[in-house]
Amino acid sequence: MRRASQRRSSRRRGVSGGHGVSLTSLMDILTCLLFFVLKSFVAGGEVTVPPPGLELPKSTAEQAMKSSLVIAIDREAILVGSERITTVREAMASDQMLIEPLAARLKAAREQMHEIAIMKGDTLEDHVVTIQGDEEIEFRVLQKVMYTLNDGGFQDIALAVIKKNA
Amino acid sequence: MAQRPRKRRSFRQLINCDLELRPLMNVFIVLIPMLLMSAVFMEIRVIEMTLPRAALAAEQKPQQPFDLALRIRPQAYVIEGDGATLAVIPRVETLSRGLPVAEAAAQISNILTAAVAAHPDNKEIRIVAEPGTHYREIVAVMDLARAAGLPQAALEGAESEGI
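Chains as they are written, first to last, in the numbering used here: chain A, 1 to 166; chain B, 1 to 163.
Just so you know, these hints were derived from the structure itself, not from any lab. Where hints are given, some of them may not hold.
To be verified - Sample of chain B residues with no beta-carbon within 10 Å of chain A, all distances over it, derived:
1) Arg91
2) Glu103
3) Gln107
4) Arg126
5) Gly149
As the list claims (entries may be wrong) - According to the in silico footprint, chain A covers these stretches of chain B (three or more CB under 8 Å from chain A):
6) 43-49
7) 113-124
8) 133-144
Unchecked claim - No more than 25 Å apart at the CA atoms, straight line, and that leaves these computed lysine-lysine pairs for DSS-like:
9) A:Lys120 x B:Lys123
10) A:Lys58 x B:Lys123
11) B:Lys123 x A:Lys39
12) B:Lys123 x A:Lys107
Note that beta-carbon positions come from the ideal geometry of N, C-alpha and C, so glycine has one too.
Produce the complete structure using the sequences and hints provided.
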């Protein structure tokens, strides 16, 4: 009798007993998800996204990517960062091993790095260049790009690949 | 009569213990899709290489303990040690989607492992590719060499000297 009167009185006062959605379990899921996403960002190291349409080859390499100048070679063009430098067809049309537009852009990049190094008070070390090559490109293209890099004073090269699960 | 006020107090406590989670929920609902959209799910790794300096390349190359080379020829993979042919593995018949198939890969791996066992000081291999060789095949061969204990791979063109 007493319980019934309590229920009635609570209904009269508008107190919510069970009509509200319990958000606690959903909050738990969202908190876990948030931590997981944040952890993947922290553990991911240097984050880089290949240009659209470029498929990197798969490899068992384990070395993480470092911050560096990125040269992307897709099936049509050669890019430095996101800047389109020349087309693969143009680069292959020349008999020379040196790709002139790429060499000019690399020279500018090297001068810029040199200025930054002077401003920071660092010595100019060998800078790493990361090559993001499409898996379909032929070795002749890669060879010309590597020759141009070597000519421009970039000896340390990192070939970007997608980690293959063994 | 003495119990009534106590019951009322507990009733009030029930009302006050509800946490207002909706604002936090709203923040999470905005934050999680934003983070997921900017997340990169492909793990990008690198294969590091060092090119010979132009001045150094023109001069004498440093002597390696054992000159191991893997030539990717149109018809076969040729493995050479100090200029002598160690093995010839057919390529075209075994090529699947531009990659060496399991048997060819196993053969290359076995020969390279044997070469490493015979010359443990050597950690280098020259990969000599034809101009038309696909990049993914070169990477696959580099993977086999690394797995066999040769982490330092140098790329060379079959026609030209140098790189």
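Legend entry - Exclusion check [Gly149 (chain B) not at the chain A interface, CB over 10 Å]: Fine: 13 Å to the nearest Cβ keeps Gly149 (chain B) off the interface.
Inset, instruction - Three residues minimum, CB to CB under 8 Å: does the segment 43-49 of chain B make the cut for coverage by chain A? Let me know. - result: Since 7 is at least three, the answer is holds.
Legend entry - Annotated coverage of the segment 113-124 of chain B by chain A, confirmed only when three residues or more have a Cβ within 8 Å: Violated - the segment 113-124 of chain B has 0 residues with a Cβ nearer than 8 Å to chain A, which falls short of three.
Legend entry - Separation of Arg91 (chain B) from chain A, once the least beta-carbon distance is taken, above 10 Å: Fine: 14 Å to the nearest Cβ keeps Arg91 (chain B) off the interface.
Legend entry - Whether Arg126 (chain B) stays farther than 10 Å from all C-beta atoms of chain A, as the label says: Its Cβ never comes within 10 Å of chain A, the nearest being 14 Å, so this holds.
Legend entry - Minimum Cβ-Cβ distance from Glu103 (chain B) to chain A exceeds 10 Å: 18 Å, holds
Inset, instruction - Could you check that no beta carbon of chain A comes within 10 Å of the beta carbon of Gln107 (chain B)? - result: Answer for Gln107 (chain B): holds, closest chain A Cβ roughly 18 Å.
Inset, instruction - Mind checking the alpha carbons of Lys123 (chain B) and Lys107 (chain A) for me, to see if they're no more than 25 Å apart? - result: Violated: Lys123 (chain B) and Lys107 (chain A) sit about 33 Å apart, past 25 Å.
Legend entry - Hinted pair Lys58 (chain A) and Lys123 (chain B), Cα distance within 25 Å: 23 Å, holds
Legend entry - Given hint Lys123 (chain B) paired with Lys120 (chain A) - CA-CA distance at most 25 Å: 36 Å, violated
Legend entry - Satisfaction of hint between Lys39 (chain A) and Lys123 (chain B), Cα-Cα up to 25 Å: Violated, because 36 Å separates the two Cα atoms, which is more than 25 Å.
Legend entry - 8 Å C-beta test of the segment 133-144 of chain B against chain A, three or more residues: Held - the segment 133-144 of chain B has 9 residues with a Cβ nearer than 8 Å to chain A, which meets the minimum of three.
In this structure, the earlier hints numbered 7, 9, 11 and 12 are contradicted, and the remaining ones agree with it.
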